[in-house]
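Produce the complete structure using the sequences and hints provided.
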Amino acid sequence: MLYLSGVTLNLISMLGFIMVLGMMVDDAIIIGENITYHMEKGLKPLNAAVKGTMELVGPVTTTVATTIVAFLPMLFMSGIIGKFIVAIPLVVILMLFLSLLESFFILPSHVAHIANPHKQVKERAWIVAMENGYAKLLKIAIKLRWLTVILSIAMLAGTVWLAKNHMSFQLFPPAGVDQYVLRVTAPSGITLEQMQKQLLRVDQKVRESINPKYLEATIITTGQIALDAGDPLTQRGSRYGQIRVLYTPAVSRPAHDAMDDMHSLAKTIPPLFPSLKIAFTEIKGGPPTGRPLEVEISSNDSAVGEAAARNLIAFLEQVDGVTSVESGLQRGDDELHIVLDRSLAAYTGVNLATAANHLRAAVDGLVVSTLRRGTEEVDVTIHFPDFGKKQLEQINKLEIPNQHGGMVPLSKIARFEEFPGYSTIRHKAGIRVVTVTANIDTDRLTSVEINRIVQEKEAQWLDGENGKVTVNYGGEEEKNQESVRDLMFSFVFAIIGIFFILAIQFNSLGYPLIVLLAIPFGTIGIVVSFYLHDLLWKPMPLSFFALMGMVALSGVVVNSALVLLVFVQRAIERGVAWREAIIQAGRRRLRAVILTAATTVLGLLPTAYGWGGMDPFVSPMALALSSGLAFATVITLLAIPAILAVSFDLRQLFRILFRKKRTPDDSPVTRN
1 MLYLSGVTLN LISMLGFIMV LGMMVDDAII IGENITYHME KGLKPLNAAV
51 KGTMELVGPV TTTVATTIVA FLPMLFMSGI IGKFIVAIPL VVILMLFLSL
101 LESFFILPSH VAHIANPHKQ VKERAWIVAM ENGYAKLLKI AIKLRWLTVI
151 LSIAMLAGTV WLAKNHMSFQ LFPPAGVDQY VLRVTAPSGI TLEQMQKQLL
201 RVDQKVRESI NPKYLEATII TTGQIALDAG DPLTQRGSRY GQIRVLYTPA
251 VSRPAHDAMD DMHSLAKTIP PLFPSLKIAF TEIKGGPPTG RPLEVEISSN
301 DSAVGEAAAR NLIAFLEQVD GVTSVESGLQ RGDDELHIVL DRSLAAYTGV
351 NLATAANHLR AAVDGLVVST LRRGTEEVDV TIHFPDFGKK QLEQINKLEI
401 PNQHGGMVPL SKIARFEEFP GYSTIRHKAG IRVVTVTANI DTDRLTSVEI
451 NRIVQEKEAQ WLDGENGKVT VNYGGEEEKN QESVRDLMFS FVFAIIGIFF
501 ILAIQFNSLG YPLIVLLAIP FGTIGIVVSF YLHDLLWKPM PLSFFALMGM
551 VALSGVVVNS ALVLLVFVQR AIERGVAWRE AIIQAGRRRL RAVILTAATT
601 VLGLLPTAYG WGGMDPFVSP MALALSSGLA FATVITLLAI PAILAVSFDL
651 RQLFRILFRK KRTPDDSPVT RN
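Residue 590 in this note's numbering sits at position 590 of the sequence shown, with consecutive numbering throughout.
FYI, nobody ran anything at the bench for these hints, they're computed from the structure. Mixed in with the good hints there might be a few duds.
Pairwise CB distance ranges, derived in the manner of DEER restraints [claimed, not checked]:
| # | residue 1 | residue 2 | range |
| --- | --- | --- | --- |
| 1 | Lys41 | Leu101 | 24 to 30 Å |
| 2 | Pro401 | Val380 | 20 to 26 Å |
| 3 | Ala598 | Gln318 | 49 to 55 Å |
| 4 | Leu4 | Pro274 | 57 to 63 Å |
| 5 | Arg570 | Arg124 | 38 to 44 Å |
| 6 | Ser275 | Glu208 | 17 to 23 Å |
| 7 | Val50 | Asn507 | 22 to 28 Å |
| 8 | Thr370 | Ser5 | 45 to 51 Å |
| 9 | Leu650 | Asn507 | 16 to 22 Å |
All C-beta atoms in this analysis are idealised placements derived from N, C-alpha and C, irrespective of residue type, glycine included.
Written out as structure tokens, the structure reads:
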């Protein structure tokens, strides 16, 4: 299936395998535990396998379906990030579907075949003690159900406050950076050969400053500066060059941070080459998202746009945490403007078109013939000898034929003006665009914060020219908004899909709503774990992959609550009082709930905390999913039963308020 879909075995697809490792055994654990329960009650292995499986065909199918629905929208995420992560939902959905088939058709057969039909399976004493202890705790939670629910809501509100005021968001944090770029600019007039020699000197100093066992390679590019194919500040010309420094993978050097080297080199390298302008930019992992701040300033009046860009540059240079500022106003080679005097040209009989054609031939050469080599055509061009080295001298001596058959020196009918030129001039829809970018120290500032600061002060740096200038924010901020928007759509789609699946399973609207309440409570574990990670170990901001883990959690976290409430519903339908039904279902499902949560959490913890090798690129997703599920399990065992008990209280209260016939205390949740 992966082969047919074009997905290869890589970091992202392997992350999908790691994520699903714990989930794919959940349905097998639920069915296997139920078969064991019936064998403990005296049934023969074959009968127990059949009964234990058939009892849970609906609930287990629903648990797998809810998880698949949570991952399904990720297949349709747009943009480069959607293409980047498509392997994760594909792997998870495929593996879950196969695990469901195994649980229904292979697992029961194995249990019936392996179990000894002549040996009575006995309950373990420690499991019985654990179930008894949980039953006592559950009775307290049900007795104090309103207090339990209020405390749960208070914890959720506190978590929202903590996330809003003490945590940051970065689309792809710079942790684990294994490459960065030195952008080198030389004075005007330098040739490519001279620039190459300068870059080799800088490269040698860089190599001498880095431990060889961490350095993988350096790549020198002469004549261009471009971080990637879509870099809005691409510079081309003989005075530009870059050195890309590549390190060994971060997992092979856990005690060494490439960013420390970059910050050290940024202080020591530029003073060694005073004639060169050297700037540093880290290359973060993940899909290309641009720089932390990218502002596009466009205006029909180029002078107004350039003035706004310079004001923004001056403002950014005063912001604490901004490490470097670049713009499309980078000086290029000087430009020579040749202004013809029309009256003198007419007096001397020089046609303006003739003058322009001769000037173009002098600068670019003149194609006089074309040679054919097989299927390839090669132009034959003639031009002045040594024109590149003696450009101004040759133009000064250039003569233009007039209408009288004579030759008129260009210098007699034109004046030469030199102006500073730009290395690149960008337009969109015919309108001049100036791009201003900034890099930041992520220990002091995030991309979200720097974009907010610039937007809040927009009126200040536009200096009253708001009506003449159009401002567009791109780069990481644009990708932030796009990714969050897509993930929120995925989350809403998953919630709606999960609700309808649960409604079909329960044939009710009340039970699905209670099951879905496990999702927001699961986010408590995510926020608390990330906060403690920052506080006690090292910074790990909420990121794109952490949000992906949150979306995935919405499908996984409902599984335990779903099976628990299925047993509660069945007991109530048999006439059991609701309090007793909740306690019986809790005792019955405790073992399965703990096992399913433990397998998923323990399967993700090595990835989350880097046991055996840390990958900071994917660990946030594993941490979000594992910590959220661990906390949601506690919620499932205590808060969900309390919420269910409160729902019975509210139902009874509503019946009294609307003067309807009062139902017995043991009636089920309102059904459609």
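Each hint, compared with the structure:
1. Lys41 / Leu101: 24 to 30 Å: Because 27 Å falls inside the window, the suggested range holds.
2. Pro401 / Val380: 20 to 26 Å: With a Cβ separation near 23 Å, Pro401 and Val380 satisfy 20 to 26 Å, so the hint holds.
3. Ala598 / Gln318: 49 to 55 Å: Holds, since Ala598 and Gln318 (Cβ atoms, about 53 Å apart) stay within the stated range.
4. Leu4 / Pro274: 57 to 63 Å: holds (58 Å)
5. Arg570 / Arg124: 38 to 44 Å: violated (26 Å)
6. Ser275 / Glu208: 17 to 23 Å: About 20 Å separates the Cβ atoms of Ser275 and Glu208, which means 17 to 23 Å holds.
7. Val50 / Asn507: 22 to 28 Å: holds (24 Å)
8. Thr370 / Ser5: 45 to 51 Å: holds (48 Å)
9. Leu650 / Asn507: 16 to 22 Å: holds (20 Å)
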